[in-house]
Each structure stands twice: as structure tokens, then as C-alpha cells.
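*Asks:* Here is what each chain is made of, one letter per residue.
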Amino acid sequence: MNTVFEFLFKYRPLVFEQGDFTLAASGSARIWIGVAAVAAIAVTASYTYARGRSTPVERGIMAALRVGLVLLLAFALLQPTLVVSTVVPQQNFVGVLIDDSRSMSLTDGAEEPRSAFVDAELAPGDGSLVDALSERFVLRYFRFSDVARRINDFGELDFSGPRTNLASALDLARQELSGVPLSGLVVVSDGADTGDRPITEALTPLQAAQVPVYTVGLGEEVIEPDIEVGRIEVPRTVLEGTTVMVDVVVTQHGMGSGSVPVIVEDDQRILTEETIELGEDGDPVVARVGFQLDRAGPRRVRFRIPPQPGERVERNNAREVLIEVRGDREKILYFEGEPRFEVKFTRRAVEDDENLQLVILQRTAESKFLRLSVTDSTELRFGFPTSREELYRYRALVLGSVEASHFTHNQLTMIADFVSERGGSLLFLGGRSAFAEGGWAGTPVEEVMPVTLGEPAGGPDGFFSEVRVRPTPAGLAHPTVQLDTPLDEVAERWDSLPPLTIVNPVTGTKPGATTLLAGESPDLASDQVVLAFHRYGRGKAAAFTVQDSWLWQMHADVPVEDRSHQAFWQQMLRWLLDGVPTPVAASLDRERVDPGTALRLTAAVADSSYIEVNDASVLARVTTPTGAIEEVPLSWTVERDGQYETEFRPSEVGDYEVEIVAERGGEVLGSGTTHFRAGPGDDEYFDAGRRTSLLERIADETGGQSYTPRSVASLPDDIAVTGAGVTLVEERDLWDMPAIFLAMLLLMAAEWSFRRLRGLV
Amino acid sequence: MQRILRAAFVSLVPVALVGLGAPALVSNGDGEDSGPAAAAPTDLAVDERPGRYPFYWTRAIYSSGSSGGFYGWGRRESWATDFPKSDRQFVTVLKRLVEIDVWDGENAVRLDDPILRHFPLLYMVEVGYMDLGDSEVEGLRSYLEAGGFLIVDDFWGAREWAVFQENMGRVLPDKPIVDLPLEHPIFSTFYDIEEVKQVPARGRGIPGGPPAAECRGCEPTVRGIFDDDGRLMVVINWNTDLGDAWEWAEDPRYPLEYSTYAYQMGANMIVYAMSH
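From first to last, the protein sequence lines are chains A and F. 1 is the number of the first residue of the first sequence in this note's numbering; add one for each residue after it. 1 is the number of the first residue of the second sequence in this note's numbering; add one for each residue after it.
So that you can see chain F by itself, here it is in the shape it has in the complex (with noise of 0.2 angstroms):
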């Protein structure tokens, strides 16, 4: 499997690096500014209508706190971390793994954004930093009670967590999050995927380069958030960065054991998320 997997991320290393050409599909909602121009979304949305493609790749826009830390000097929010090249290629190679018809561009979405309800699976990323508004909190809310499905990724240590927590306490309120055991159907619905890695940032996860943690005891940790009815609406990949791996897996310095698991864990999430 590894194999395919290197010749899937080889093959496309030239359309990584090229990256540009695939068109986005982007939410314009009235909510609040959806931060800087190095991830603004492009308006190449409007040709698309949401519905012609099974799947839509989605990525939450959400407000970042001022809390300090790289994202609050606003450079960039942080939602948009990897966006959009983690998207494309993670698409790219989905496609190739999975027997799934796909939208090729990338498709970031506002909480607060009705077209949000068209996209079931929703991907949201350093989620230490968000800082969600009434309406976004609202949003998100009704989406996953509607049956939507929430896929959190690259947010490390206690600090971060606590953000998180905190926001999705507002969220939904009085539902715990726990962890998700190995032997939950996550692990094996399309790979059997036997040991939570702590994928790295590309730069941490080369060998001779900085730990592969961000943080000092982090422990890479998948949780999760069910309904009343024991249905899994959120899945949490902690201390860990799926996103990383997706963006950078062609870079033949990147360790190939980290991009193939996060492959393998993006792929069984997504093939869970569209069956349960």
C-alpha cells in the first residue's frame, strides 16, 4: 500500500507544485471578513452549483481569536493553514484511492453561511485559535444536528485544546468528548489502521529537523463527539497534522510512514463520514 501510495504522490508532485489550477468553490456569506489575502478565497465559485458532484472537499471558515501566537498578528487566519494547496493535493490523491467523485477545487465555507448545509463533511484546522461568533456557534450547531459531519485537525497541546473545548462547549453544550478506541470502525473502514501516529509539520518531521511534536508530552490523540442517538458528529485529531502531510507528501524529505497515515486516516474518515 505504501507503494501506491508514493506513486500516487509522485504523480502528482508537478500538479502540487503547479497547484494553481484548479478552480475553488468558496462561501461569500455576510458573515465577517474571512481574513488576509494569502488564503482569501477566489470568487471562481460562481460558475459551480453546489450538488453536481457527489463530494465537495470542505473547509470551515471560522473567526480567529486575537489570543496571540502566529495567527493573531494577523498574517494570515487561522483557518487557512495549508489552504490551499493541503486541499488540492489531498483531493487529488483521494481520488486515486477511493472510488469517489470528487469536486477538484478546493471549497472553504463559512459556519454561518446556509450553502454550508450542502456540504455534509466539513474539515476545520487550528481550532486553538478559533474564537467563533453567536451566529457562527449557531451554524455549526444546527449543521451537525442536521446530520452533518466535522472532521478537526492540526491543534496541539493544552492550551489549544482548551480553546477548543471551550468553543465547542458553546457548540453542543453537555456533550462529551471521548476517546475514540482503535477498535472503532474509523480505524477500519477503508484501511486498517492499527496505531495513532503523530503526523509532524513538514519541517519537524525530517529527519535531523526539530521534534516531531509542537509541543513538549503531547500525545497524538483521535477523540470524538456523538449524538443522542450514538452517531460520531465530530472527529478530533489531536496533536497531530493531517493537513501537513496532505499539503507536503510529494516533498521526498517528508517521511513517507506520516503521509500514508495521514492519507489512510483522511481516506477512512471520509468513507465513515459518508456512510454513517
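Okay, chain A solo, but in the shape it has when bound (with noise of 0.2 angstroms):
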């Protein structure tokens, strides 16, 4: 189309876009132009009142052809002219920026890489870009990658970059050229950005300077026939032998229907496995994978799906996490009023698990409580915490059949606050002395209950009720649901679970509130809620409405062998303790860096009460794979309590240990442990089509344009015209456009088919 315009008008519409229209014929020239025309078309006027065979009409229709003919080469006459800014050959500058990522070598459908275009284009030769380039423009040459550099040689560019950072390549690409006249930027690159800023932070400034950018665009935008794994969002540290629930994104492009295997590894170890179903070709499907992390330490799971036949990218099936197992043994606190078996069976239920310490607390009689799994004889000596410290120990609680009245106003207020404020995850169980019937309405823990409270039941005797207990679709997918069971099971499992019991009608949730299980009442008009949690502050808290889980245990339909209690418990608990804050918490800006590249270490750091502290000394030791000890301080953000930073470069390539610890007045506040390596990634290879969007949007935003290899031969012309730097103004003449002969013709063409038509010659 637009060689079809540069034919009629002489110039592209780029040309006429950037310039300024105007007349260059003198004044008085105008003058006697004008009357010439107004006298020609008089005369041509009166053609209509002429006598002969036409009729007026038809007279008429050949008099305007006449007119426009002679308006036609009136406006010739008066030398019509466009009025164009154009870059001072040879004065200014151009910085011409090469994608030098790993995804520059992805073939697509081609038979040749997209960096093909680099070495037929950018290098000297005959008609190349960079030669027409350069009769105009100074030109300047940058790589970028994960970072950007200037290079002289062509020969430094591999294309094995781990990362594209568009944004910083821009940059400093401004920044080098920011002492000399520049006409604009050219980008060559897919556009496959995977840098970690927004392109605007590196647009806004070009903006200012005028700068405009022009973005070639290479490879397909979409690749296919392919398969793809999306992101993975994974909790960053796990308890030993938790369950945990990934949603995998897997996406298809021309690989038509069928089912492929999502697997699950640790370390070559298979830990899952799923099959399903791919989707419509460029809709994501959900693979929902569930599995459990049994060795402490930081742990590497992949989510892979085996290459496909035909694939064009397979590293981009598979996408590797950390997870941070913790192998420690976590206090939680089980508080309850009396005497119950739940207390006995939970207890069983975890006991083999080293990593769970369930701290009973039972009250016995008035005054007189039962310790159980207490570290030392002082722990609990006095009943219920009655410091936020003692309390604060324990990273969850749970609250069973015990009165509000039991606690003071000071304890209730703490231990919401133990939720809010500690970040610890509070259980409420159900029983004669919870929820409404234990008087907790009106209390400030009430708030912290994801479900709502009613009227206690009433009546001698209360509510009494079964309950068959059932999984709500976001329960089917969550951990504590699962009991130990093949994701296609569960729902079965649960169905095979006898009934349990309810004394507290609890029918609704809070807003925001999640309902795990639910269950159907022959007394209650609608569900039960049995099993439902929401956040609260920095924690969480749930609400588990039934009595007797135990009988998932007892019941005689229940196989002495079954798992099902044991499995719900441990994953209840462990759950609970998921998320829970330390005093002091290390954590990284990204699991994995490039060596050379700057890492972000950030500490959360709380006294023993989770108050912030600003005045601690922070410093994290950082191991190297050669087992290497680096010594990093870290200071206090200022911008947010508690929060200390630094950077990191790690300069080997391998697994790196950071241990943060902090102190105050030489006394320790607590440290925090966590891992990243330091090594090529293989972020190239995913979402690598070309981005057009983006490569447009740089363009627009910048006053520059955008071209693929097919349209890029008008580039150098394009910045002449819309560049910046050192310029000068050209006339341009538009008399002599095709476009105004052919019309002529063309007039003189109709006016003439139209006589032989009617007879008239």
C-alpha cells in the first residue's frame, strides 16, 4: 500500500505525516493564476448555455469535467509544496540496539534464527540497513541481554543471553548518546522482554529527550507447533511433608487436541504425576498438581511435560522452583476446656510427625490443666499464655471446646492480636463451649473468625446434629482437603467418611472467607459450615465446626488401616503453620540471578513480641558454592519498619546459602535461611514469540516507528524525516505528482467518453 501511495504522491505517507503543506507560488503569480482560473472556468461556465443537440444536462455534467480540469492545473500552477524537516546527513547519531538473548537463536518457522536478520542487515555489504544507515547517520552499537553494553565489532554478539532487559538497554543507550545530536534509537530485537522493569521507566525519559525509538521486530509471533508451561506460583518455604497444591498453566499452539503428562520432580526424583487435557489452540489449561516435600533443605521441584513430536521450543516445557523445606519442629499450642477425645486422636495423628510439636494445654478442672508435649516444666505452668511473648512463641493456636469467659479481656485482645499482628494461624474447633454457644459473640477474637456467629442454639439440651461432610470446589483443591489422596479420588474419599457431629449451627462466613468443606444438616436449613478460613492481618484464620473428627478415625465403616484422619491433621496442621513469620525472615528479590548480576537480600526483623525494629545490626553471611563465606550488612530501608537491605553479586556460578542474622544490644534477635542460584535460566525460551505489542508500543510512545524485517528498508528514509538531532528544512515539490497528471487524464479521459456515449462529436 504504501509503495502504491509513494507512486501517486511521490513520497510516503510517513513524509507527508512529519511535514507542512504550503503554496510556494509568489503572490502576484497567485493573483494571475486565480483570475486565469476564475476566467477559464467563466468560460467554461458559459458552455452550458451554448445551443446544439445536447440538452443542458448534459452540457452541464461536461462543464464540470471542464472546471475540475481547470482547478486541477490551477493548483499545479500554483506550486504546491510540503515543507519537510530532515536530519543534516552525516551530523547526527543513531545508537542501533541488538538482542544478543538466547532467544534470538529460536528458529520459529524458518529455516534460518532470527538473528539471520542481524548478520544479513546489520553488517556492511551491499544494500544492507546498516549501509544505508550510515550514509546518513553516525551510528553507534549496543548489545543487551540481561544487560546492555556498547560493542564496535559484530563479532561480540552471540546470542546466548539469559534474560532480555529492553528497559535497561534503552538506557543506557540514552545515556551514552545523551552528549551527541540524536536522530533516534533503532531496536533489534523479538521483544521477548523478561527483565524485571517496567518499559515505562525507560520510556518516560526518552520521551523528554525527544528521543524516538524505532523497533525492528524478528521471528514469528506465535511459535508453533509448541507447548508451553506457564509461571508457577509455589509458597517460598514449606514445612517437611506438607502437601502442597500448584496450579500448572499449560498452554498449546498448533498441537491440535489430546492429553499430555504433567510431571513433577525433585531432584530426579518423580514426586507426581498428572495427565490433562490440552486446550483449544492458545487457551491455557490448568493442571492441578498436588505432591509432598519430604527432605528438608532447599529443594528444586520441576514441572515438566515431555517434548512433543514437531515441537519447535522444548525448553520451554518444563519450569523449575524453589521451595525452602523446613525441617524444624513447630510449635503449635491446642488449648481446650475439657476432657475430649478430639484431644487424644489429633495428638495421635501427628505424633510420628517430627515436625510438628503439638503442645496441649487441657483444662481438667477448675484451675487445673493437663500439659502435654511441653518442652519444660515451666512452659504453660500458669495455664493459658498471659504475655504476648509466651504466646507468641507458638507459630499456631487452636482453640477447642473452652468459654470466652475462661480468658481475661487482655488475653482475648491477644490472641487476636496473635493473628494480626504475630501473623500466627488460629484454629477454632467446634464443641459444647465454642463459637456462639461458647459466648465468643461481642469478643475481640469474634473478629477473627472467618464465619459468622448466630444466637446460641437454645434449649435444655442445645443443638445437636450430623453432619455428612463434603469438599467445596475450592476445597477439592486446596491441601488440607486432600487426605493423602490421588487428586481424582478425593471427592470419592470423602464420600466413604462417616458422618460426624455438630452442636454449633454455623451456616455463614465472613466476607473474603473460604469454604473448605461443608456439610448437610437434616436440622439446619442451609449447609454447615465445617471447614472454612480467611486472612486476618498477617495471619489466618479457620474455623473447623465439627465435634468429632475422631470418628474418622473410630468408626467402624472405617478401615482400621485407613490414613484419612492421620493425613487430614497433619496436613490441617501443617497448613496452619505455612506462611507463619519468624522475628526474623531473609528473602531475595528472585531465586535465580545471573552471575555478575545484582541480587536484593531483604530482611523482615521483629523482637520476640513482633514489634519492628529499626536499630538492629543486620548482617547476612552469604555461602558460595566453593563454600566461601561473604559477609554482607544490611541497612534499614527507612521507607518501612523492620525492613533492612542490600544488594548481592554473586560472582560464581552455582547454589547459594544466605543466612541473615540479626541482633540488638548484642543479644540476638533471630535469623532467617534461605537459598538462590546463580546461573543461566532458561526464561528466554518461554513466551518467546516476537511481542509486537510491546515493539509498537515503544515506538508510538517515542514518536518513532515500527517495522519487521519485510518493511524495514524504509527505515533510514523514515528517520531522516522524524528524527531528532541536527536538522534542516526542505521544500519538497508536490506540482509534479503523478497523482495530479493521472487525475487530469483521467477528466479529460471522462469528458470525452462521455461526448462519444451521447453523440456529441
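No lab work stands behind these hints: they were computed from the structure. All figures in this text were calculated on a predicted structure; none of them were measured in a lab. Treat the hints loosely; a few may be bogus.
Said to hold, decoys possible - Which bits of chain F does chain A cover? Going by a derived footprint, with three or more residues having C-beta under 8 angstroms, they are: (1) 49-61; (2) 212-223.
As the list claims (entries may be wrong) - In silico DSSO-like cross-links for lysine-lysine, where the CA-CA straight-line distance does not exceed 27 angstroms: (3) Lys10/A / Lys175/F; (4) Lys368/A / Lys175/F; (5) Lys175/F / Lys85/F; (6) Lys368/A / Lys331/A; (7) Lys95/F / Lys197/F; (8) Lys175/F / Lys197/F.
Don't be surprised by glycine CBs; every beta carbon is placed ideally from N, CA and C.
Mind docking these for me? Both chains are given alone in their own frames, and the hints should help you get the complex.
*Replies:* Structure representation (C-alpha cells):
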């Protein structure tokens, strides 16, 4: 289309967009031309009054055609001109930024890789792009992937960069060329940006400096046939043996229908395997996989789909994530207001679990408590904790059948703060002294509950009913509900479990709460909420409203060897512990980094009461793959209480361990450990199709243009008229546009044809 | 503590003497006949659904043999000794001593009745006369393996021990019966018990009456059976009769020493069984 336009109007549309239209004829010439045109038109118009064989209409048509001809001639005589600002040859610079990342090695559907364009068009040679540019501009070259740098020789390109960071590349080029007249930047890339900076950060300074960016997009937008595993979201840390539920998003292009296995591996050991049906072309489908990590330490869990026949890119079939598996023994306080078999069977369910220390505090008589699994004789010596420091030692709290009036107001507030401030987890169990029946309505703790409390069940015997428990759709995807059962058998397993009983009618949840288990009761108008949870402040709270889950172990319909009860409680308590913060927590901005690239180490520091500490001395001990230890101090960020940061650049390839220790006044507040790997990743192979929208956006927002290899030939001319830098004003004639002459010929031919048709010649 | 217990006993005397108002929750399993009318369970249980209360004091109904002796004459089955008065009084006092929500009535269940699994704690007496059928053996075994807890009481001497041992050998083969030392938590879970006492039957414990022991040279012993994970699942009170002390604690002639011990031991066993 542009070619046709250029043939008719001499110049490409871009020139018209950039230029200002004017008539070059002098003032007197304009007058004479105007007078002549008017006279000619008048004479021509008088023709409509001539007598002869023609009708007035026919004469009118012919006169109009002739008037059009006269006007066109007059327009040409007025010397229409386009005033264009063009860059001065060899006075301006153009930065050429070349994508040197691995994705440039992809061949897409072509025989040659994307990088072949660089060899063909950017190497000096006959008719190459770089030659055309060189004629008008002084060129400066940059290569970019994860980092960008100036190059002088294309031999420095090896297309092996682990990431594509467009923003930093644009920044570098702008800064390096800020001292010279810069006409624009040319970005040669597939646009598959994998950097962690938003591109806007780089575009705004370019807009301010009025530097247009011209993008040349390489590769296909869609790579097919191909299967790709999407980004995986997993908890950063879990307790050993915890069931982890993960949604794996799989997208296919050009593979057609069918099913593929999703394999989850930990160090070459298959943890689980699920088969999923592929979706329509480009439609992502979600595979839910559940697995347990039973080895403490940093685990690299790999989710992969075996390469399928004909696949273009195989390296986007697998994703690897780092999960810190804690092998600690973590403490949960279970406070029960009376002897109940829930205590016995819950203890039994987790007693073999080396990672759970379920501390029992059971009221056996007024002011008399039974303490079990305590660490020492002083623990809970006076009953339920009366200070935050004492309560906050536990990472989760389970409240059984105990009335609210047992606690002081301070203790009730403390329980609420345990969740909201300390970030602990709180589980409420059903029982005659629980929920509304236990007088919890109106207390500070009621707000923490994920369920709504009604009026206490009345009558001398209170409320009592049976419920058959079943998972909700949300529950089927939750680790607490899996019962260590294959995913497709979970619902069936729940159906096989005997009904339980309730004494607390609970049918409503708070806004934002999620119900995982529900139960039908013949004595309730709507379903009983059996298990629900919500986030509250920094922690989470859950309600398990039945009173005898031990029946899942004891009931005659449950085989003795059945592990449902045990699995439920192990996973429930583990889930409660997930994400509960420690006084000192270490985190990183990413789990894989390229050697030499900065990594941000962050520590959240609090004291034993979980009050943020801003005057701590925080030190990171980084153990390198070769065993060397580097110590890096962290500084308080000021913006946020208790947050300390520093940067670290790994130099070796391999796995690193980061231990962050916080001290105040010589007292150790705590420590946290995390891990990362330094080395190349596979980021470049994911979502590796040409990102046309991003490239167009860069060009549009900076006043540049976007091109493909097919349209790139006009790039030098375009920069000449749209670029910044040292420019001059150029007048380009339009009177000799072929379009004017064609129009004249057309009018003349039209009149002649009309005459012939009407027999007027 | 003895004063408290005495007050508890005195206050419950009227209840104990009337002793008839409490309902019963009784198994109507498909097993053998549960015995003559003197100790026959009633059917008041139809209005009660297991689970309403956290705890039901549950007595095991088992088959007795015909090896002679008092129970072999057919007057009543050995499982029903002291039933139901002992059970009712024990529950009444237990509620005053322990913060526990207990079903007020007696609850006798057959060993082969599936409903037994709703009651994770089971009391069994006079086991020297037991003669378990295969279904009872299977029922008790699966009950214990699933997590049930059994308290055995009121049997005396070597002959009765042998009968019990033979039957338990069928229930839990390869599981040894071992002495429980006083250091075991069951002696300190609620009350601190420093000595295992020989609790006599009502007539024997009264000063001036026959010897406390029902057999010569019988030493009171508390023994236990543990599961493969080292958890106590059976506690055996041999050469002692806790049930009689629970039954007759309100009798001013019955020595407080024995009734105190019996209730303390009972409370300990229950609190232990509900938490371990």
C-alpha cells in the first residue's frame, strides 16, 4: 500500500505526516493564476448555455469535468510544496541496539534463526540496512540481554544472553548518546522482554529527551507447534511433609487436541504425575498437581511435560521453582477446655510427625490443667499464656471447646493480635463451649473468626445434629482436604467417610472467607460450614465446626488401616504453619540470578513480641558454591519499619545459601535462611514469540516507527524525516505528483468518453 | 482432697439410693443374649444419639463362660457386676471432680456391636469369667487397633488371670502384658497416686469383716498392654475392685481410703485415655 501511495504522491505517507503543506507560487503569480482560473471557469461554464444537440444536463456534466481540469491545472501552477524537516547527513547519531539474548537463536518456522537478520542487514554489505543508515548517520552499536553494553564489532554478539532487559538497554543507549545529536534509537529484537523493570521507566526519559525509538521486530508472533508451561506459583517455604497444591498452566499452539503428562520432580525423583487434556489453540488449561516434599533443605522442584513430536521449542516445557523445605519441629498450642477425645486422636494423628510439636493445654478441672508435649516443666505452668511473648512462641493456636469467659479481656485481645500482628494461625474447633455457644460473640476474637456467629443454640440440650462432610470446589483444590489421596479420588474418599456431629450451628462465613468443607444437616435450613478460613491481618484464621473428627479414625465403617484422619490433621496443622513469619525473615527478589547481576537481599526484623525493630545490626552471611563465606551488612530501608536491605552480586555459578542474622544490643533477635542459584535460566524460551504489541508501544510512545524485516527498508528514510538531532528544512515539490497528472488525464478521458456515448462529437 | 471426695459421696447418696432416674444407653447388637434380667440393659437409649456428649462411660458386654463359680450358675453375666449403680455413681462423682461433659446414664455395649466404635473408652469387669466368641474377639481387637482404650477391673487370683490372659491373647496375640510402674503418667495425669491399693468388695473392706483380698496372697497390680507405637491401650486393675468402691462409696462403713483411691484412679484413667 505504501508503494502505491509513494508512486501516486511521490513521497511516503510518513513524509506527509511530518511535513507542512504550502504553495510556493509568489503572491502576484497566485493572483494571475487565480484570475486566469476564474476566467477559464467562467468561459467553460458559459458552455452550458450553448445551443446544439446536447441537453442542458449533458452540457452541465461536460462543463463540470472541464472546470475540474482547470482547477487541477491551477493547483499545479500554484506550486504545491511540502516543507519537511530532515536531518543533516552525517551530523547525527543513531544508536543501534541489538538483542543478544538466547531467544534470538530460535528458528521459529523459518530455516534460519532470528539472528540471521542481524548478519544480513546489520553487517556492512551491498544494500544492507546498516549501509543505508551509515550514509546519513553516525552509528553506534549496543548489544543487550540481561545487561547492555556498547560494542564496536558484531563479533561480540553470541546470542546467548540469559534474559532480555529492554528497559536497561534503552536507558544505557540514551545515557551514552546524551552528549551527541541523536536522531533516534533502532532496536532490533524479538521484543520478548524478560526483564523485571517496567518498560515505562525507560520510555519516559526518552519522551522527555524527544528521542524516537524505531523497532525492528524479529521472529514469529506465535511459535507452533509448541507446548509451554506457564509461570508456577508456589509457597516459598513449607514444612517438611506438607502437601503442596500447585496450578500448572499449560498452553499449546498448533499441537491439536490430546493429553500430555505433567511430571513433578525433585532432584530427578518423580513426586507426582498428572495427565491433562490440552486446550484449544492458545487457550491455557490448568493442571492441578499435589505433592509432598519430604526432604528438608532447599528443593528445586521441576514441573515438566515431556517433549512432544514436532515441537519447536522444547525448553519451555519445564519450569523449576525453589521451595525451602523446613525440617524444624514447629510448635502449635492446642488449648482444650475439657477432656475430649479430639485431643487424644489429634495427638495420635501427628505424634509420628517430627515436624509438628502439638503442645496440649487441657483444662481438666477448675484452674487445673494437663500439659502434654511441653518443652520443659515451666512451659504453660500457669495455664494459658498471659503475655504476648509467651503466646507468640507458638506459630499456630488451636482453640477447642472452651468458653470465652475463661479468658481475661487482655488474653482475648492477645489472641486476636496473635493472628493480626504476629501473623500466627488460629483454628477454632466445634464443641459445646465453642463459637456462639461458648459466648464468643462480641469478644475481640469474634472478629478473627472466618464464620459469622448467630444466637447461641437454645434449649436444655442445646443443638445437636449429624453432618455428612463433603469438600467444596475450593476445598478440592486445597491441601488440607486432599487426605493424601490421588486428586481424582479425593471426592470419592470424602464420600466414604462417616458423618460427624455438630453442636454449633454455623451456616455463614465472613466476606472474603473461603469454605473448604461443608455438610448437610437434617436440622439446618442451609449447609453447615464445616471448614472455612480467611486471612486476618498478617495471619489466617480457620474454623472447623465439627466436634468429633476422631470418628474418621474410630468409626466401624472406616478400616483400621485407613489414614484419612491422620492425613487430614497432619495437613491441616502443616497448612496452619505455612507462611507464619519468624521474628527475622530473609527473602530475595528472585531465586535465580545471573552471575555478576545484583540480587536484593531483604530482611524483616522484629523482636519476640513481633514489634518491628529499626535499630538492629543485620548481617547476611552468604555461603558461595565453593564454600567461601562473604559477609554483607544490611541497612534499614527507612521507608518501612523493620525492613533491611542490601545488594549482592554473585560471582560463582552454583547454589548459594544466605543466612541473615539480626542483633540488637548484643542480643540475637533471630536469623533467617534462604537460598538462590547463580546461573543461566531458561526464561528466554518462555513466551518467546515476537512481542509486537510491546515493540509498537515503544515506537508509538517515543514518536518512532515499528518495522518487520519486510518493511525495514524504509527505516533510513523515515529516520531522516522523523528523527531528532541536527536538522534542516527541505521543500519538496508536489506539483509534479503523478496523481495530479493522472487526475487530469482521467477528467479529459471522462469528458471525451461522455461525448462519444452521447454522440456529441 | 479426701474431704472433697467425702462431700461428693455424701451429696450423691440420695441419688445413689434412688439410682433409677438416670437413662441408659445400651447396645442392642446382634450378638448373643446379654444375660438375665437382674442386670439387663434397658432400652431407654432409643432417644439418645451417640455424640451428643463428649464422653459416655461405657461398659463392655461380653460372653461369660460356664466354668463354674457364681457367674456360671446363670444368676447373671459377669460383665454386669455392680451394674448399673456403680456406673451411675461413678459418672456422677466424676462430673464433680473433672471438668467433663458426661452422659448421665449407664451405657453397656456388646464387643461385636459396631456402635462400640463411637465410645473410645471401654470398662470391663470380672474378666476372669469371660469367654469371648470370635466376633467379640474381632470386635475388641479392631476397637483397640482403631484407637479404643480398655479399662479392666475386678478380677482376682491366678485362675482368673489365666482366663483373662487367654482371652486377651486371642484379641491381641503377640502383645505382652506388662506391669505399669508408678512413674507411668497414668498415675499422675490428674491425681498423684503414690501407691497401688487393693480395693476390696463392699463386705470385705469393712473393719472387722473378712480379708480385703478375695484370694490369698493376691497383690494389687496395675498392668498394661501397649500397641506397636508404644501407646497404652489396655490398663488392667488386677486383684482389686474399683467398681465396688464406686458403687458403695456413700456407705459410711466403707473405708474412705479405698473409695478415694478408686475415684482417683478412675479419674486418672479417664483423663489419660482421653488425651493419650
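*Asks:* Each hint should be assessed against the structure and marked as holding or not.
*Replies:* Going through the hints against the structure:
no.: 1; hint: 49-61; verdict: holds (count 5)
no.: 2; hint: 212-223; verdict: violated (count 0)
no.: 3; hint: Lys10/A / Lys175/F; verdict: violated, 104 angstroms
no.: 4; hint: Lys368/A / Lys175/F; verdict: violated, 35 angstroms
no.: 5; hint: Lys175/F / Lys85/F; verdict: violated, 33 angstroms
no.: 6; hint: Lys368/A / Lys331/A; verdict: holds, 22 angstroms
no.: 7; hint: Lys95/F / Lys197/F; verdict: holds, 23 angstroms
no.: 8; hint: Lys175/F / Lys197/F; verdict: holds, 26 angstroms
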